[in-house]
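Hey, can you work out the whole structure from these sequences and the hints?
Everything in the sequence shown is counted per our numbering, starting at 659 for the first residue and increasing by one.
Rather than coming from a laboratory, the hints here were simulated on the basis of the structure. Values in this document were obtained by computation on a predicted structure and should not be read as measured data. Please note: incorrect hints may appear among the correct ones.
Stated by the list, open to error - With a cut-off of at most 25 Å between alpha-carbon atoms, the simulated SDA-like pairs for lysine to any residue come out as follows:
#: 1; residue 1: K669; residue 2: V720
#: 2; residue 1: K669; residue 2: L743
#: 3; residue 1: K669; residue 2: A740
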Amino acid sequence: MAVLRFAITLKPGDRLTALAAAAELDRSGETARATEFRYFTRLSIRLCAAVAAPDEPASAAVFRDHVARITEPRLQRAFAAALDLKLTKTRRAGKCPPKPINLWKGLGR
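Put into structure tokens, the structure is as follows:
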């Protein structure tokens, strides 16, 4: 959510907040030894850099990849709107779902 806020406001303070939140997520569950887990920090740095320079060729791919990973439709639409992306509707492959089965059919009354 902090990255979304930065994407909307473009304020340096919101960027720092997003990076601090990512660092905190990376530290959660950390034991006494230092951990090398920095997934959220790396992802947030990449996203914030793309937001700060949206005209760079790599930025569009970063945006598309990030929005594609979001499973909540409303959050996905919010990110797409903030990043000025057009979402494409995906169709499910396969046939229509089968008609419901009447479980009580054939039972005597």
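| task | Hint by hint, work out which the structure violates, then give me just those numbers in ascending order. | result | Structure breaks no hint.
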